[in-house]
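Got chain A; can you put chains B, C, D, E and F on it based on the hints?
Protein chains in written order, with my numbering: chain A, 1 to 282; chain B, 1 to 282; chain C, 1 to 282; chain D, 1 to 282; chain E, 1 to 282; chain F, 1 to 282.
Because the hints were derived from the structure by calculation, they are not lab data.
Computed from a prediction, not measured in an experiment: that's the story for all the values here.
By construction, the Cβ of each residue, glycine as well, lies at the ideal position given by its N, Cα and C atoms.
Please note that a few of the clues may not be correct.
Stated by the list, open to error - In silico negatives: residues of chain F with every beta carbon more than 12 Å from chain A: (1) Arg-51; (2) Arg-133; (3) Asp-174; (4) Ala-192; (5) Lys-197; (6) Leu-212; (7) Gly-215; (8) Gly-246; (9) Val-248; (10) Glu-258; (11) Phe-282.
What the hints assert, rightly or not - Sample of chain E residues at the chain B side, in silico, Cβ under 8 Å: (12) Arg-20; (13) Leu-23; (14) Asp-31; (15) Leu-69; (16) Asp-70; (17) Arg-99.
To be verified - Straight-line alpha carbon distances no greater than 30 Å define the calculated DSS-like cross-link-like pairs of lysine-lysine that follow: (18) E:Lys-197 <-> D:Lys-188; (19) A:Lys-197 <-> C:Lys-188; (20) D:Lys-197 <-> E:Lys-188; (21) E:Lys-188 <-> D:Lys-84; (22) C:Lys-197 <-> A:Lys-197; (23) D:Lys-173 <-> E:Lys-197; (24) F:Lys-197 <-> B:Lys-197; (25) C:Lys-197 <-> A:Lys-188; (26) E:Lys-84 <-> D:Lys-188.
Number of protein chains: 6
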Amino acid sequence: MIALDFTQAPPPALVDPIVRRALEEDIGGGDITSALTIAADARASARLVARKPGTIAGLVAAEAAFRLLDASLRFEVATPDGGKAAAGDLLASISGNTRAILAGERVALNFLGHLSGVATATAALVEAVAGTRARISCTRKTLPGLRLLEKYAVRCGGGVNHRFGLYDAVLIKDNHVAAAGGIAQALKRARAGFGGKIEIEVDDLGQLEEALAGGADIVLLDNMNLDQMRSAVALTAGRAVLEASGNVTLATVRGIAETGVDVISSGALTHSAMNLDIGLDF
Amino acid sequence: MIALDFTQAPPPALVDPIVRRALEEDIGGGDITSALTIAADARASARLVARKPGTIAGLVAAEAAFRLLDASLRFEVATPDGGKAAAGDLLASISGNTRAILAGERVALNFLGHLSGVATATAALVEAVAGTRARISCTRKTLPGLRLLEKYAVRCGGGVNHRFGLYDAVLIKDNHVAAAGGIAQALKRARAGFGGKIEIEVDDLGQLEEALAGGADIVLLDNMNLDQMRSAVALTAGRAVLEASGNVTLATVRGIAETGVDVISSGALTHSAMNLDIGLDF
Amino acid sequence: MIALDFTQAPPPALVDPIVRRALEEDIGGGDITSALTIAADARASARLVARKPGTIAGLVAAEAAFRLLDASLRFEVATPDGGKAAAGDLLASISGNTRAILAGERVALNFLGHLSGVATATAALVEAVAGTRARISCTRKTLPGLRLLEKYAVRCGGGVNHRFGLYDAVLIKDNHVAAAGGIAQALKRARAGFGGKIEIEVDDLGQLEEALAGGADIVLLDNMNLDQMRSAVALTAGRAVLEASGNVTLATVRGIAETGVDVISSGALTHSAMNLDIGLDF
Amino acid sequence: MIALDFTQAPPPALVDPIVRRALEEDIGGGDITSALTIAADARASARLVARKPGTIAGLVAAEAAFRLLDASLRFEVATPDGGKAAAGDLLASISGNTRAILAGERVALNFLGHLSGVATATAALVEAVAGTRARISCTRKTLPGLRLLEKYAVRCGGGVNHRFGLYDAVLIKDNHVAAAGGIAQALKRARAGFGGKIEIEVDDLGQLEEALAGGADIVLLDNMNLDQMRSAVALTAGRAVLEASGNVTLATVRGIAETGVDVISSGALTHSAMNLDIGLDF
Amino acid sequence: MIALDFTQAPPPALVDPIVRRALEEDIGGGDITSALTIAADARASARLVARKPGTIAGLVAAEAAFRLLDASLRFEVATPDGGKAAAGDLLASISGNTRAILAGERVALNFLGHLSGVATATAALVEAVAGTRARISCTRKTLPGLRLLEKYAVRCGGGVNHRFGLYDAVLIKDNHVAAAGGIAQALKRARAGFGGKIEIEVDDLGQLEEALAGGADIVLLDNMNLDQMRSAVALTAGRAVLEASGNVTLATVRGIAETGVDVISSGALTHSAMNLDIGLDF
Amino acid sequence: MIALDFTQAPPPALVDPIVRRALEEDIGGGDITSALTIAADARASARLVARKPGTIAGLVAAEAAFRLLDASLRFEVATPDGGKAAAGDLLASISGNTRAILAGERVALNFLGHLSGVATATAALVEAVAGTRARISCTRKTLPGLRLLEKYAVRCGGGVNHRFGLYDAVLIKDNHVAAAGGIAQALKRARAGFGGKIEIEVDDLGQLEEALAGGADIVLLDNMNLDQMRSAVALTAGRAVLEASGNVTLATVRGIAETGVDVISSGALTHSAMNLDIGLDF
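Isolated chain A (complex conformation):
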């Protein structure tokens, strides 16, 4: 089930519990510094501003952080999730009680920086493969507790989602092949029980041939070099979707895409995303 390409944000019913836990982590017994230095009834306006250019994701979580702290804070989005920001661009403005704004600042930024980092990394790969047929996809290599939001961030960056978990797609790996007694047998067993598209991982062209013979819908080319990928594309001749995986970087991704594969997946998009620098200016 590679390639879920949609931009709907998760609803508050799902985002709020995640944000609430982050607030509990950060606030605990209270924001001592603000309480000691800022009047309880002070009011302020603040601006979430991109310090570096990037693709934005996570305003839904930032909004929740402020709302759960103080329902009377005003939060207005200027650059919505999925939008591109230049350094200095306004993302959203917040106004209301100063202590509440400061109490939510770090949690909001932690979500926003990480998720925008994911979106920005995704957008960079998407841009690098522009004009090819390749789609950029994430994997299940997400940070624990953040999968829902990271998958959303990938979509904000123009990427697509691979399966959400073990429950929503079949992806046959080497251990499954070994246990089933070969590629043909593994595919047969999976087909017998699963009505969706079936993906299988292969290491070389021989396995690819077996996979195609077995009727795989999607084949994951694991750590192949460009020559192998080109041969795989030729050999497959459209009989299956081809997903390339392994050693995907901004430097390599164009070359991979030009082999003709359909999907390029990268765990690093989520498990090694660089935070996008975003600040809160008063």
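Just chains B, C, D, E and F now, kept in the frame of chain A:
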């Protein structure tokens, strides 16, 4: 409260709920692939192995992932949290029901790869400043829901922890100074209400003088260049702990340390950690 | 993504929280009756016994109910989930503290009776269509909070699972068609964003033709009569999987299956399942 | 404590967590279909309509489902919980963002269909015994996680509630009698510790006599035939409340009621309720 | 439903979540002090010892605190819940990892001290009324989140439990009387809907007469003086259970009991309990 | 980290889950009495009134209790948290649906009475030491699940907070000293790992000298008599903060304060607080 330097792992009472949520995220309705290709009573042994060298953190979470899936799995640690692994080194071995091992694999690796990435990045900075007085510290810029474990990972890497949240230390920033009417006033108010060490952020040497005059225990030198830092160390002459922050990389950290500052803090250790490549071999 | 056909039980990590909530509901301040009439250290053996014939599902939840109440209770399965029981057959035996067994009895039976009811109803339909190509599937019409276990129960009964939620498959219904501006347009948009198989609901043969022309992988024939279904099978000629839905009962299902459809789905399997009568005998 | 007869709906504080879990189950990573086919800012009005006649229960949960997804949706009740609807009657109308309405549709209907099914089944029994002294009661045989709402639905249908759990009433069954050393002894022990009304289960008239001699307030006549029940009523002569249980169906309930028993309880009201067919029309 | 008199401890399924939250509160990022001063593999034995005489309650929670921190700790009870301890008596012994014991110490003692305080205060009142017919009961005035355990502690002290919440008994107070239009009317309405015993609060003998005429099962004499109570007992002449409430202290309770009332209830038992001094000795 | 002195209330994000659990505890299946005696649409105004003089804390929780039950209730604060109330003073007024007000009454009062009790006890000690240098502090001896709110209540009463948990300060006790091999060694180890102020507990003047020699920032004088404390103050001569602990009562606290210690801490403030009598008048 900079510099918590201890290596105790969080107990199951605190780790288990975090791991349980990650399992719910990944498994949902079940591991379709394994169920279709692997016998229900198949048994296997598998090895968590480092694919790249690094400092290990997160085996407590990996252990929990397997235990919560199947209490009868055996999990034995070979390289404990905090240990250094070469590529190929065994971290832990797991044996028992094959489906259970495969169901826990990704969640265990997601914790282990991220937390070992944090530990490894920390250890690199720690090594780079060896012989200086500087300690490497993380910040509150952690990934939502993972602060407890990330702070632990920083300690596994030889770093120290800054405050855990808004609740356990005073760190006066520009907004607080503005609201309080100046550095002296902000420090005075904080001192009146807080019995621990008080930290304040300064941008230049003038502010540093005010901070020292106001009796700050710790001064955060925000985005200063090396010359400014050296002057700050000289000017301070031991009257306060000096923390350097901003533009901390493997390339710059030695230089920063050699200015004589006491602590160097980096948000990137946690918010932009590269995953350490770890695999599960059957 | 129709037809997930696998029998793996959900692991304790996912079952335990559901069972714990049920125990909280039932026990609250304590089991007054047992406390007043049974000695604290009394011990007993009890047997979970089918009072009516049926297909069993839910022993994983029953086991959890007893284990979470008293980890020293022994629970031994005689007829595993997915097995068929005649009236009087032993399903499992429990021994240990009498009060603990009685405290868990109702919660264990509530899970077991409902889930075995789902499995039994499923098995009846599966049996009724034996020899045809039709698979019996459930829907998203599950009882709130019990989807994971009900989907499992359907598999225990020999049925297959339709999508788990809104997140793991595309099923285009009339509102989506209307919003997209027609069947062709809706399919095109979905195909552009979704790499898995795409299902669309149709009401008549004209819509079916449009759906096939638009490349639908699966077509849901909504509330068609047998003649329409037969025509649909002929018209489709294998170009798509056909799912029949609406008015599926034990009386009608064989006729539906004999039209040649691939899948017959029933919300009643889960939302209107009759409890299977199971008792706990001391 | 048989016969709690009140119609108060549970408050949002208790309903919302149950509904939130149902939304998490259904929505997970997002509603793919709507996201691909419906514009993000599309707006619609929709109507919850009864497709079959019945007694309505669960609008409090349906309202919560939509509110937790999008606080700006308007939800207006036309036929309140406890009301009777003919086929085609409007139950409630919802207006606002189309995607949000579609995302909440299934969860809202799953609550509403099940709880209205419980209420409708209850109302049928209540009507069948009209003019007799018998009240219709549910039991603890509820679906796990839904007891609070199912008990409420029974009240919406004109029935009464038996105990909520093990904690709020004494009901002495055969195992308790055996452990205590007889009916007299069990009643004596219970009376010594419990200030409320005490119920005991009996199988025959001999046990009934013992129960009455022991001062039972309520006697559960378990699986007696009509003759036995009539004799039980005569023998009891108002000294205790009589509850009939076992083989209660729409066909049998009038006969049971005419024996003169006070309460007729049925586990099937909750554990085997047929879903009431309700739809959402745009 | 006054007077639940049973000593069953709540099971781990209900106690563990309460204890887990207390551990999260206390441990957060880790026990810094132990980590810095005690070797990770140090082992110790420790003894929970009463420093003052009292009645013990809460060992079930103390056990859970240590078990949830480290499942390998040994915990052996010497003086079980409900037992009386002299100053210096051993309550339980713990052995295993020293850091784990120290990490659980405070949480275990916080439960044990508070709950034993409740039990001890209860036992003092129970003893003071020995030989009279009066039972000592708690109320709903419990500390938020601890009702289950406090009610258990009252039973450990020889007291009985009043209702557990708004859901398990009828207690008509002045606001209900006013809303219903008088005592008779309120009782009539309650009787129509509630099959258990009905309690009503009265302020004077006139109201008592109305309550008895209306068939109240239990009458709460609110803040009456001893003369009024004696008159109430005479006037009632066994027609209802009489509960005295208001100004119940160790000094006054015997006098109240000697008026002949059946139950004496005290909110202070739970909302103002003095901690029993218990220590952990190594 | 003794002496956190700030009055910020915890935000709804942290208070609501605690209050929700209390509502679940109390309401369960519903408020039977109100449902039977009060019309569903009745409306009322009610006043939270102090029955005894005291310092108020907990209106944030009371407000949450009413809001979570019925978002349309109006709640207006008259005497804010931290304010002093005379007997009869209005604390807050609530208006709206009568049943909702009655359903929230007990939970709101349970929070308000306990937390105001903590605040009032704190204020009494604070007043008693007026004019001395001593601050009144709480400890970790809090009631499980209520630490956040109790620490807040102590601040409302003019007291200061000691550490929040094991995670935010170092407090070396006898077991740590024993394990580390003496006071000097324990302090040295702690200093090596902890950048904040370090506290150590001592029993006599000899230990105090060791602690001062070892550079302790704060010394906890455990159960010393007044003479010892005076000697300790003299001996310390400002080199460390001195905290007195043990046998702190309203009768003794002035004497302790006059010895010149800096902080006086009391577990009884939280673990043995007397409820402040507050009522809800219609």
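Hints and how they fare:
1. Remark: the non-interface label on Arg-51 of chain F is consistent with the geometry, its nearest Cβ contact in chain A lying 28 Å away (cut-off 12 Å).
2. Residue placement check: Arg-133 of chain F keeps its beta carbon more than 12 Å from all beta carbons of chain A (closest about 19 Å).
3. For Asp-174 of chain F, the shortest C-beta to C-beta distance to chain A comes to about 27 Å, beyond the 12 Å cut-off, and the non-interface label holds.
4. A cut-off of 12 Å between C-beta atoms confirms that Ala-192 of chain F is not in contact with chain A; the least separation is 26 Å.
5. Against the 12 Å criterion, Lys-197 of chain F stays outside the reach of chain A, whose nearest CB is about 14 Å from its own CB.
6. Taking the minimum C-beta to C-beta distance to chain A, about 28 Å, the non-interface status of Leu-212 of chain F holds against the 12 Å cut.
7. Every CB of chain A lies more than 12 Å from the CB of Gly-215 of chain F, the least distance being 25 Å, so the non-interface label holds.
8. Under the 12 Å C-beta cut-off, the non-interface status given to Gly-246 of chain F relative to chain A holds; the minimum distance is some 25 Å.
9. Under the 12 Å C-beta cut-off, the non-interface status given to Val-248 of chain F relative to chain A holds; the minimum distance is some 22 Å.
10. Every CB of chain A is more than 12 Å from the CB of Glu-258 of chain F (nearest about 28 Å), matching its label as outside the interface.
11. Here Phe-282 of chain F stays apart from chain A, with its beta-carbon at least about 28 Å from theirs, past the 12 Å limit.
12. Satisfaction of the interface hint for Arg-20 of chain E is found here, the shortest Cβ-Cβ separation to chain B being roughly 6 Å, below the 8 Å cut-off.
13. Annotation: Leu-23 of chain E was flagged as interfacial toward chain B, and the flag holds, the nearest CB pair being 5 Å apart, inside 8 Å.
14. With 8 Å as the threshold, the beta carbon of Asp-31 of chain E comes within range of chain B, its nearest partner Cβ sitting at about 7 Å, so the hint holds.
15. For Leu-69 of chain E, the interface hint holds, the least distance from its beta-carbon to any beta-carbon of chain B being 5 Å, beneath 8 Å.
16. Hint on Asp-70 of chain E holds. Least Cβ distance to chain B is approximately 7 Å, under the 8 Å limit.
17. Proximity of Arg-99 of chain E to chain B holds as hinted, the smallest CB-CB distance being about 7 Å (cut-off 8 Å).
18. For the hint linking Lys-197 of chain E to Lys-188 of chain D, the alpha-carbon distance of about 18 Å falls within 30 Å, and the restraint holds.
19. Our distance criterion of 30 Å between C-alpha atoms is met by Lys-197 of chain A and Lys-188 of chain C, whose separation comes to about 18 Å.
20. Pair hint Lys-197 of chain D plus Lys-188 of chain E holds up; C-alpha atoms about 18 Å apart against a cutoff of 30 Å.
21. Pair hint Lys-188 of chain E plus Lys-84 of chain D holds up; C-alpha atoms about 27 Å apart against a cutoff of 30 Å.
22. Taken as a hint, the Lys-197 of chain C and Lys-197 of chain A pair is honoured in the structure, with Cα atoms around 6 Å apart against an allowance of 30 Å.
23. Between Lys-173 of chain D and Lys-197 of chain E the CA atoms are separated by roughly 21 Å; this keeps the pair inside 30 Å, and the hint holds.
24. A C-alpha spacing of about 6 Å is found between Lys-197 of chain F and Lys-197 of chain B, which places the hinted pair at or below 30 Å, so the restraint holds.
25. Under the criterion of a C-alpha separation no larger than 30 Å, the hint pairing Lys-197 of chain C with Lys-188 of chain A is consistent with the structure, at around 18 Å.
26. Taken as a hint, the Lys-84 of chain E and Lys-188 of chain D pair is honoured in the structure, with Cα atoms around 27 Å apart against an allowance of 30 Å.
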